[in-house]
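Which chain is which? The protein sequence lines are E and V, in order. Position 30 of the first sequence, counting from 1, maps to 30 under the numbering used here, and the rest follow consecutively. Position 323 of the second sequence, counting from 1, maps to 323 under the numbering used here, and the rest follow consecutively.
Hints were generated in silico from the structure; no laboratory data involved. Be careful, since some hints might not be right.
20 Å max Cα-Cα, derived SDA-like pairs, lysine to any residue [unchecked claim]:
1) E:291 / V:303
2) E:276 / V:121
3) V:276 / E:318
4) E:34 / V:269
5) V:262 / E:318
6) E:54 / V:276
7) V:225 / V:236
8) V:254 / V:314
9) E:262 / V:302
10) V:262 / E:301
Below are the chains, spelled out letter by letter.
2 protein chains.
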Amino acid sequence: MPSPDLHRPDLFAQLLQGNRRALARTITLLESRKPEHQEQARALLQQLLPYTGKALRIGISGTPGAGKSTFIEAFGLHLIQQNLKVAVLTIDPSSGVSGGSILADKTRMEKLSSRPEAFIRPSPSAGVLGGVALHTREVMLACEAAGFEVILIETVGVGQSETLVSSLTDVFLMLTLPNAGDDLQAVKRGILELVDLVLINKTDLLPEKANLTQVQLESAFRLQKTAAKVLQISALQGKGIAQVWEHLKLWREKHAADLLHKRQDQQAAWFEEHLKQLVWLHFQAQVNPQKREALRQQARTGTMDPLNAAHLLLEDTHGEKHFPEDH
Amino acid sequence: MPSPDLHRPDLFAQLLQGNRRALARTITLLESRKPEHQEQARALLQQLLPYTGKALRIGISGTPGAGKSTFIEAFGLHLIQQNLKVAVLTIDPSSGVSGGSILADKTRMEKLSSRPEAFIRPSPSAGVLGGVALHTREVMLACEAAGFEVILIETVGVGQSETLVSSLTDVFLMLTLPNAGDDLQAVKRGILELVDLVLINKTDLLPEKANLTQVQLESAFRLQKTAAKVLQISALQGKGIAQVWEHLKLWREKHAADLLHKRQDQQAAWFEEHLKQLVWLHFQAQVNPQKREALRQQARTGTMDPLNAAHLLLEDTHGEKHFPEDH
Numbered sequence: 001m002p003s004p005d006l007h008r009p010d011l012f013a014q015l016l017q018g019n020r021r022a023l024a025r026t027i028t029l030l031e032s033r034k035p036e037h038q039e040q041a042r043a044l045l046q047q048l049l050p051y052t053g054k055a056l057r058i059g060i061s062g063t064p065g066a067g068k069s070t071f072i073e074a075f076g077l078h079l080i081q082q083n084l085k086v087a088v089l090t091i092d093p094s095s096g097v098s099g100g101s102i103l104a105d106k107t108r109m110e111k112l113s114s115r116p117e118a119f120i121r122p123s124p125s126a127g128v129l130g131g132v133a134l135h136t137r138e139v140m141l142a143c144e145a146a147g148f149e150v151i152l153i154e155t156v157g158v159g160q161s162e163t164l165v166s167s168l169t170d171v172f173l174m175l176t177l178p179n180a181g182d183d184l185q186a187v188k189r190g191i192l193e194l195v196d197l198v199l200i201n202k203t204d205l206l207p208e209k210a211n212l213t214q215v216q217l218e219s220a221f222r223l224q225k226t227a228a229k230v231l232q233i234s235a236l237q238g239k240g241i242a243q244v245w246e247h248l249k250l251w252r253e254k255h256a257a258d259l260l261h262k263r264q265d266q267q268a269a270w271f272e273e274h275l276k277q278l279v280w281l282h283f284q285a286q287v288n289p290q291k292r293e294a295l296r297q298q299a300r301t302g303t304m305d306p307l308n309a310a311h312l313l314l315e316d317t318h319g320e321k322h323f324p325e326d327h
Numbered sequence: 001m002p003s004p005d006l007h008r009p010d011l012f013a014q015l016l017q018g019n020r021r022a023l024a025r026t027i028t029l030l031e032s033r034k035p036e037h038q039e040q041a042r043a044l045l046q047q048l049l050p051y052t053g054k055a056l057r058i059g060i061s062g063t064p065g066a067g068k069s070t071f072i073e074a075f076g077l078h079l080i081q082q083n084l085k086v087a088v089l090t091i092d093p094s095s096g097v098s099g100g101s102i103l104a105d106k107t108r109m110e111k112l113s114s115r116p117e118a119f120i121r122p123s124p125s126a127g128v129l130g131g132v133a134l135h136t137r138e139v140m141l142a143c144e145a146a147g148f149e150v151i152l153i154e155t156v157g158v159g160q161s162e163t164l165v166s167s168l169t170d171v172f173l174m175l176t177l178p179n180a181g182d183d184l185q186a187v188k189r190g191i192l193e194l195v196d197l198v199l200i201n202k203t204d205l206l207p208e209k210a211n212l213t214q215v216q217l218e219s220a221f222r223l224q225k226t227a228a229k230v231l232q233i234s235a236l237q238g239k240g241i242a243q244v245w246e247h248l249k250l251w252r253e254k255h256a257a258d259l260l261h262k263r264q265d266q267q268a269a270w271f272e273e274h275l276k277q278l279v280w281l282h283f284q285a286q287v288n289p290q291k292r293e294a295l296r297q298q299a300r301t302g303t304m305d306p307l308n309a310a311h312l313l314l315e316d317t318h319g320e321k322h323f324p325e326d327h
C-alpha cells in the first residue's frame with residue numbers, strides 16, 4: 001500500500017468526488033501516528049471543513065442482544081433505497097482488563113457492507129476511549145466530505161461510550177427489547193437524558209410485553225420532562241424501519257435551530273478534548289524516558305508516593321517550579 | 001475553620017494518633033486547590049507513606065436497590081465488634097449531563113456514622129471522574145496513617161467507576177439481588193473480571209431465586225476461570241455478614257504475595273494518572289486565556305477545525321513547533 005501522504009491535492013479532489021479508495025486513504029492519514037502525516041491530516045481537515053456538516057449524525061446504543069447489527073443493516077438498506085449514502089462507524093470502548101476486541105463489522109452487516117452506497121468502518125484498535133472517539137470525529141468529517149448523507153455511530157458496550165457518542169451526534173437512538181427490565185435500569189441511570197428515540201426491537205416475539213415496556217418508557221420520559229419518543233420495530237422482519245426514518249426527518253426539521261447550537265457546543269467541547277490529548281502527547285515527547293522510568297519504579301516499589309513522583313518528573317521536564325499562586 | 005496548613009508538624013503527629021479532627025484537616029489539605037496547600041499536601045503524603053498500606057482495601061459495587069448502604073452499615077458494625085477501625089469512602093461518578101449529586105452518606109448509614117471507630121467520607125463535589133479517584137487514593141492513605149484497618153471504597157453508579165475502584169483496592173465485592181437478571185448482564189459485561197466476591201443480598205425474600213442466581217454466577221465464574229466466590233447474605237437481618245469477613249480474612253492470607261504485586265502495579269498506574277493530571281494543570285497555568293478563548297470560539301463557530309485550533313494553541317503556548325519525528 002502506498003504511503004497515504006502521496007498525491008495529497010489529488011486525494012482531496014477524489015475524496016470530494018466520493019471515491020472510496022480516497023476515503024480509505026484519508027482515514028489512514030487521519031489515524032496515522034507519524035508527525036508529518038498528522039500535519040498533513042490537520043491541513044486536510046481544515047480544507048475539508050466547508051464540505052462537512054450536511055449529514056444527519058445518528059448515535060445508536062443498545063444492550064447486547066437488542067439486535068443493533070440487524071437494525072443497522074435494515075435501516076442502512078432502507079436509507080439506500082431512499083437514494084441516500086450511509087456510513088456506519090463503531091466505537092468500541094473495550095474492557096479495561098481484557099483489552100480491545102474489534103468486531104468483524106463486515107461480517108455482522110453482510111448485505112449492507114456489499115453495497116457501494118454504504119461505508120462501514122470498524123473502530124480502530126483499542127486505546128484510550130477518548131482517543132478512539134477523537135479519531136471517529138475526524139473519520140465522520142471525512143465521510144461527510146465524501147458525500148455520505150447519514151452517519152450512524154454505533155457504541156459497542158456500556159458506560160461512558162454513550163456520552164462520547166452523543167457528543168459526536170445530532171440525535172441518539174437506543175435499542176431495547178420487549179422485556180426491557182435491565183434496559184429500563186440503564187435508561188434510568190443517566191442514559192435517559194441522552195436518548196432522543198427508543199426503539200423496542202423484536203416486538204413480534206412478545207407484543208404484550210412490548211406494549212408494557214413502551215408505556216413504562218413513555219412515563220419515565222414524561223417524569224424526566226424529555227421529549228424522547230418510543231417506537232416499536234422488528235428489524236429482522238423490516239417492520240417499523242421506514243417509520244424510524246420518517247420520525248428522524250421530522251425531528252431534524254423541528255430541531256434545526258437547536259441542532260446548530262448543539263453542534264457549536266460539541267465543537268467547543270472537542271476543542272478541549274483535542275487540547276488535552278495534544279498537551280499529553282507533547283509532554284511525552286519532551287520527557288526524559290530514563291527519568292520517567294526511574295520515578296515510575298520509585299512509585300511502584302513504594303519508596304515515593306505516586307503524586308510526588310509525578311510532580312518531580314514534571315518539574316524535571318520543565319526545568320523549574322511552574323505552578324503559580326492562584327490566590 | 002482555621003486554615004488547614006497551620007501547625008503542620010502537629011497535624012502529622014495528631015493524625016498518627018488517630019485524631020479525627022486531624023484526619024478531617026488532612027483531607028481538607030489534600031483536596032485543596034491552592035498551590036501552597038498542594039505543596040504541603042505532597043510533603044505530608046511523603047511523610048505518611050511509611051505508615052500506610054496496613055489496611056485491607058475493599059471495593060464495593062452493586063446495582064441500585066441491591067442494598068449497598070445496608071450492607072456497609074451491617075458490615076462496618078461487625079468490623080467494629082472485632083475491634084477494627086473502619087473507613088468508608090464513596091466514589092460518585094455522577095452523570096455527565098446532570099452534574100454531580102452528593103449522597104447524604106451520614107443519613108444513609110446512621111448507626112455506623114455515630115461510632116467513633118468509623119469514619120465516613122462522602123465523595124467530593126463532582127469533577128473529572130479520574131480526579132475524584134485521585135483524591136480518594138490520597139484520602140485512603142490518610143485514613144490508613146490514622147489507624148483505620150479496613151477501608152471500604154464504595155462506587156455509586158455505573159460504568160468506569162468499577163475499574164477505578166478496583167485500581168485502588170485489594171479485593172472487589174459486588175452486591176446483587178436474588179433475581180439478578182440485570183446484574184448478571186452487568187457481570188458478563190466486563191465487571192466479572194474485576195470481582196473477587198459476589199454477595200447475593202436480601203436472600204430471605206426469594207430463597208429459591210437466590211440459589212438459582214448463585215448457581216448461574218458460579219458457572220459464569222467457572223467459564224471465565226476466575227476464582228471468585230458467591231455468598232448469600234441478608235444485610236438487613238445481619239445474616240452472613242460474619243462469613244463475609246471470615247472469607248475476606250482467608251482471602252487476604254491466601255493472596256498475600258499476589259497482593260504485594262497488585263499494589264505495586266496499582267502504584268505505577270497511579271503515577272501515570274497523577275502525571276496526566278499534573279501535565280494538564282501545568283498547561284492550563286501557562287496558556288494565554290485570551291488566545292484560548294479566541295481559538296475556542298473559532299472551533300465553536302466552525303471557522304477552524306477543533307483539532308487545528310487546539311494545535312495552534314499548543315504551539316502558541318510553547319512558542320514553537322515541538323513534535324519531533326518519531327520514525
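Would you mind confirming whether the straight-line C-alpha gap from residue 262 of chain V to residue 301 of chain E stays at or under 20 Å?
This hinted pair holds, its Cα atoms lying about 11 Å apart.
Holds or violated: residue 262 of chain V and residue 318 of chain E, Cα atoms, limit 20 Å.
Roughly 32 Å separates the two Cα atoms, so the pair is violated.
Given the hint that residue 225 of chain V pairs with residue 236 of chain V, does the C-alpha gap stay at or below 20 Å?
Distance of about 32 Å is beyond 20 Å: violated.
Decide if the proposed pair is consistent with the structure: residue 291 of chain E and residue 303 of chain V, CA atoms, cutoff 20 Å inclusive.
The given pair, whose Cα atoms are some 41 Å apart, is violated under the 20 Å limit.
For the pair we were handed, residue 276 of chain V and residue 318 of chain E, check the Cα-Cα distance against 20 Å.
14 Å, holds
Please work out if residue 262 of chain E and residue 302 of chain V have their alpha carbons no farther apart than 20 Å.
12 Å, holds
Decide if the proposed pair is consistent with the structure: residue 54 of chain E and residue 276 of chain V, CA atoms, cutoff 20 Å inclusive.
36 Å, violated
CA of residue 276 of chain E to CA of residue 121 of chain V, is that 20 Å or under?
Violated, because 30 Å separates the two Cα atoms, which is more than 20 Å.
Hinted pair residue 34 of chain E and residue 269 of chain V, Cα distance within 20 Å
26 Å, violated
Take the C-alpha atoms of residue 254 of chain V and residue 314 of chain V, compute the straight-line distance between them, and say whether it is at most 20 Å.
Given that 20 Å is the threshold and the Cα spacing comes to 50 Å, the pair is violated.
In summary, the structure is inconsistent with hints 1, 2, 4, 5, 6, 7, 8 from the numbered list given earlier, while agreeing with the others.
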